[in-house]
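*Asks:* Chain by chain, the residues run as shown.
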Amino acid sequence: MSKALLTVSDLCVDFETEHGVLNVLDHVSFNLYPGKTLGLVGESGCGKSVTSLALMKLLQKPYGCIRAGSILFKGQDLVQCDAKQMQDLRGNRIAMIFQDPMTALNPVKTIGSQIVEVFNLHRQELTKKERYQCALEMLRKVGISDAQFRMAEFPHQLSGGMRQRVMIAIALSCEPDILIADEPTTALDVTIQAQILDLMQDLQKENGMAMLFITHDLGVIAELCDDVAVMYAGRVIEKASVIDLFSQAKHPYTKGLLDSIPQLFNDGKGALKTIEGQVPSLLNMPTGCRFRNRCQYSQQDCKSLDHNLDTHSENHQINCKHWREIKDA
Amino acid sequence: MPNEPLLEIKNLKKYFPVKKSSLFDKRRYLMAVDDINLKIRPGETLGIVGESGCGKSTLAKTIARLYEHTSGQIFFKNTEITLLSQKQLQPLRPKIQYIFQDPYESLNPRHTVANILEEPFIIHTDLSPLERKIEVKNLLEKVGLAPDSDQKYPNEFSGGQRQRIGIARAIALKPEILICDEPVSALDVSVQSQIINLLIALQQELNIAILFIAHDLAVVKHISDRIAVMYLGKIVESATSDELFKTPRHPYTQFLLDAIPNPNPAIKRVKRRIQGELPSPIDPAPGCRFQSRCPMATDQCKSLLPELLSLSDKHSVACHHQVDSVGNWSSPWAS
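Protein sequence lines, in the order shown, are assigned to chains Y and G. Each residue of the first sequence is one higher than the one before, starting from 1 at the first, in this note's numbering. Each residue of the second sequence is one higher than the one before, starting from 1001 at the first, in this note's numbering.
Extracted from the complex, chain Y is given alone in its bound form (with noise of 0.2 angstroms):
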């Protein structure tokens, strides 16, 4: 495999509210490399739009803070640098799509200026003109018609599935390297979801940048993404490639999530099977493994699990003492 783009490191996140410090990120580690996809998929809660944040450094001031880990970045730590040096990449070599367009997308700014502020920040080589040629270009890159006619628009004329395109430009304008995409298809139908996933990986296959895809749907990982992190309650519990993800799950939160999925298939309507229980609250989180509480596969031993990954493979990691006793249903 090639050199990774962006290698993540333990890094840990905290926030600090009234009734404590909470322990949001627990050594979460993996990394991107220039043409895949890695999908980071989870339920609400887990931290996967808080690691998103993070490596942006967007984690809001004073309550959320990166308490250890690294983030490198072409040999460049992201924790050390300041926000000057930040501002530099973010947008220009690291891009991120949100998953409501309307609250991303300044609503008394036409779509044309939005897009030119990119230029205007990043790059300021260019003249007045050419910027307006290339946020032009941008909007027809993404599958806007009239794209003339649109940069004068405000966001609130266009529909969601134009506005995700409008951020996808904005986003891809500088041809960043690395593309974070938290749920940017969530908020629409499956139709327009479709289009728009087709289109990000049409331009993930012309300029090779790495791309970071937080969903919490199965089914679109399994369409889009190269190598899947799972996320549970903070840490990363179990790495795979797509294939084996789906195929020979190791990890028990992980086929338990698969198998509650309704499948297409299958006639008629059986129980699904279902995780019992809740993700515990972040104040409240059980020692060792987090997961434990609603493991049926629980033992003694669990009470003292780390972070550490278990290998099964190169490229298959679990987070669990007890994978290799699970049998497969």
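Read the hints as simulated data drawn from the structure, not as lab findings. Quantities reported herein were computed from a predicted structural model and do not represent experimental measurements. By construction, the Cβ of each residue, glycine as well, lies at the ideal position given by its N, Cα and C atoms. Please note that the accuracy of each hint is not assured.
As the list claims (entries may be wrong) - Which residues of chain Y face chain G? A few of them, derived with a C-beta cut under 8 angstroms, are:
hint: 1; residue: S44
hint: 2; residue: G219
hint: 3; residue: A222
hint: 4; residue: S260
hint: 5; residue: I275
Stated by the list, open to error - Calculated lysine-lysine pairs in the DSS-like style (CA-CA distance at most 25 angstroms, straight line):
hint: 6; chain 1: Y; residue 1: K84; chain 2: Y; residue 2: K74
hint: 7; chain 1: G; residue 1: K1077; chain 2: Y; residue 2: K273
hint: 8; chain 1: Y; residue 1: K61; chain 2: Y; residue 2: K36
hint: 9; chain 1: Y; residue 1: K36; chain 2: G; residue 2: K1271
hint: 10; chain 1: Y; residue 1: K205; chain 2: Y; residue 2: K255
hint: 11; chain 1: G; residue 1: K1077; chain 2: Y; residue 2: K141
hint: 12; chain 1: G; residue 1: K1246; chain 2: Y; residue 2: K273
hint: 13; chain 1: Y; residue 1: K128; chain 2: Y; residue 2: K84
hint: 14; chain 1: G; residue 1: K1142; chain 2: G; residue 2: K1152
hint: 15; chain 1: G; residue 1: K1026; chain 2: G; residue 2: K1039
hint: 16; chain 1: G; residue 1: K1137; chain 2: G; residue 2: K1077
hint: 17; chain 1: G; residue 1: K1314; chain 2: G; residue 2: K1246
hint: 18; chain 1: Y; residue 1: K141; chain 2: Y; residue 2: K205
hint: 19; chain 1: Y; residue 1: K205; chain 2: G; residue 2: K1152
hint: 20; chain 1: G; residue 1: K1133; chain 2: G; residue 2: K1039
Stated by the list, open to error - For each label pair, taking beta carbons as the anchor points, the in silico distance ranges come out as:
hint: 21; chain 1: G; residue 1: N1115; chain 2: Y; residue 2: Q201; range: 45 to 55 angstroms
hint: 22; chain 1: Y; residue 1: D202; chain 2: G; residue 2: D1242; range: 26 to 36 angstroms
hint: 23; chain 1: Y; residue 1: M86; chain 2: G; residue 2: H1111; range: 42 to 52 angstroms
hint: 24; chain 1: Y; residue 1: G288; chain 2: G; residue 2: N1037; range: 54 to 64 angstroms
hint: 25; chain 1: Y; residue 1: E16; chain 2: G; residue 2: D1102; range: 56 to 66 angstroms
hint: 26; chain 1: Y; residue 1: A68; chain 2: G; residue 2: K1152; range: 44 to 54 angstroms
hint: 27; chain 1: Y; residue 1: T110; chain 2: G; residue 2: F1024; range: 45 to 55 angstroms
hint: 28; chain 1: G; residue 1: R1028; chain 2: Y; residue 2: C81; range: 54 to 64 angstroms
hint: 29; chain 1: G; residue 1: Y1153; chain 2: Y; residue 2: T287; range: 28 to 38 angstroms
Add chain G to chain Y, keeping to what the hints say.
*Replies:* Chain G alone, transformed into the frame defined by chain Y:
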């Protein structure tokens, strides 16, 4: 008779008037629900799918008479409920209950769970306070919540638990039909499956008919006996759920099924994609509603609105080209 429909809808229409830009403009209408016929039998689940803006929720609200219909008839057990006044409807309300999408907004944050669940009994029965208390505890147990959690407020529960409270409230008065408007789309996968299992179990126990609205086709397929596909206020295809997923006839249904992300990365298939987006439902052009995005559209589709025709007792479709469309479909899930 078991085949007697519990709920029957005939030519139901719901038009919303659109604000005129000038006094002399012709009044225009948004045709949210346009000429829909449906039947639901006792204990059956009918799923309704479609993109946002196709009129699914309006249909549900019109059936529950939360919206007043424009024209058409709704029969509940041979009573035409569209003729009743809201007051005359009151005794029937317990029989038709509603579960809402967002469990954060549909529960009053200032009421305890006991208050929320007691209310149906106060309005519709003459149980004593003590009897009501027992009923509330029974309900909580039935939906899998701790019976002693009745003094808590909604904000003390998680999303899945709140949806359980919503379900408990809906089944409190032993309804015969439940209208579920996207009941699981705000929930996580693992919680979603718990709620679906609960709904199916309650349905079997109490023999409730369910009108299930969702945009997640896998969920609808799992829970429904029959599925109706809506597009711009019209039903374009309806069939038993197995039949619909095996042999979809309408080009729109085929595109919709093809757009579902398949949770099996081993299958890499050529995907057909629908182009463009849902057109405006305000005064749609004559002819088939889907013609603007349909690859099979001909001149006939532009002028003549296709009727929903029965192919068999399990399957009806509204498309001029339904005979030719069969060849376009190859199931992405065939193993």
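*Asks:* All the hints need checking, so say for each whether the structure fits it.
*Replies:* Quick rundown of the hints versus the structure:
{"no.": "1", "hint": "S44", "in the structure": "holds (6 angstroms)"}
{"no.": "2", "hint": "G219", "in the structure": "holds (3 angstroms)"}
{"no.": "3", "hint": "A222", "in the structure": "holds (4 angstroms)"}
{"no.": "4", "hint": "S260", "in the structure": "holds (4 angstroms)"}
{"no.": "5", "hint": "I275", "in the structure": "holds (4 angstroms)"}
{"no.": "6", "hint": "Y/K84 to Y/K74", "in the structure": "holds (17 angstroms)"}
{"no.": "7", "hint": "G/K1077 to Y/K273", "in the structure": "violated (36 angstroms)"}
{"no.": "8", "hint": "Y/K61 to Y/K36", "in the structure": "violated (32 angstroms)"}
{"no.": "9", "hint": "Y/K36 to G/K1271", "in the structure": "holds (21 angstroms)"}
{"no.": "10", "hint": "Y/K205 to Y/K255", "in the structure": "violated (31 angstroms)"}
{"no.": "11", "hint": "G/K1077 to Y/K141", "in the structure": "violated (56 angstroms)"}
{"no.": "12", "hint": "G/K1246 to Y/K273", "in the structure": "holds (24 angstroms)"}
{"no.": "13", "hint": "Y/K128 to Y/K84", "in the structure": "holds (24 angstroms)"}
{"no.": "14", "hint": "G/K1142 to G/K1152", "in the structure": "holds (17 angstroms)"}
{"no.": "15", "hint": "G/K1026 to G/K1039", "in the structure": "violated (35 angstroms)"}
{"no.": "16", "hint": "G/K1137 to G/K1077", "in the structure": "violated (31 angstroms)"}
{"no.": "17", "hint": "G/K1314 to G/K1246", "in the structure": "holds (13 angstroms)"}
{"no.": "18", "hint": "Y/K141 to Y/K205", "in the structure": "holds (13 angstroms)"}
{"no.": "19", "hint": "Y/K205 to G/K1152", "in the structure": "violated (53 angstroms)"}
{"no.": "20", "hint": "G/K1133 to G/K1039", "in the structure": "violated (37 angstroms)"}
{"no.": "21", "hint": "G/N1115 to Y/Q201: 45 to 55 angstroms", "in the structure": "holds (51 angstroms)"}
{"no.": "22", "hint": "Y/D202 to G/D1242: 26 to 36 angstroms", "in the structure": "holds (35 angstroms)"}
{"no.": "23", "hint": "Y/M86 to G/H1111: 42 to 52 angstroms", "in the structure": "holds (47 angstroms)"}
{"no.": "24", "hint": "Y/G288 to G/N1037: 54 to 64 angstroms", "in the structure": "holds (58 angstroms)"}
{"no.": "25", "hint": "Y/E16 to G/D1102: 56 to 66 angstroms", "in the structure": "violated (30 angstroms)"}
{"no.": "26", "hint": "Y/A68 to G/K1152: 44 to 54 angstroms", "in the structure": "violated (37 angstroms)"}
{"no.": "27", "hint": "Y/T110 to G/F1024: 45 to 55 angstroms", "in the structure": "violated (32 angstroms)"}
{"no.": "28", "hint": "G/R1028 to Y/C81: 54 to 64 angstroms", "in the structure": "holds (56 angstroms)"}
{"no.": "29", "hint": "G/Y1153 to Y/T287: 28 to 38 angstroms", "in the structure": "holds (30 angstroms)"}
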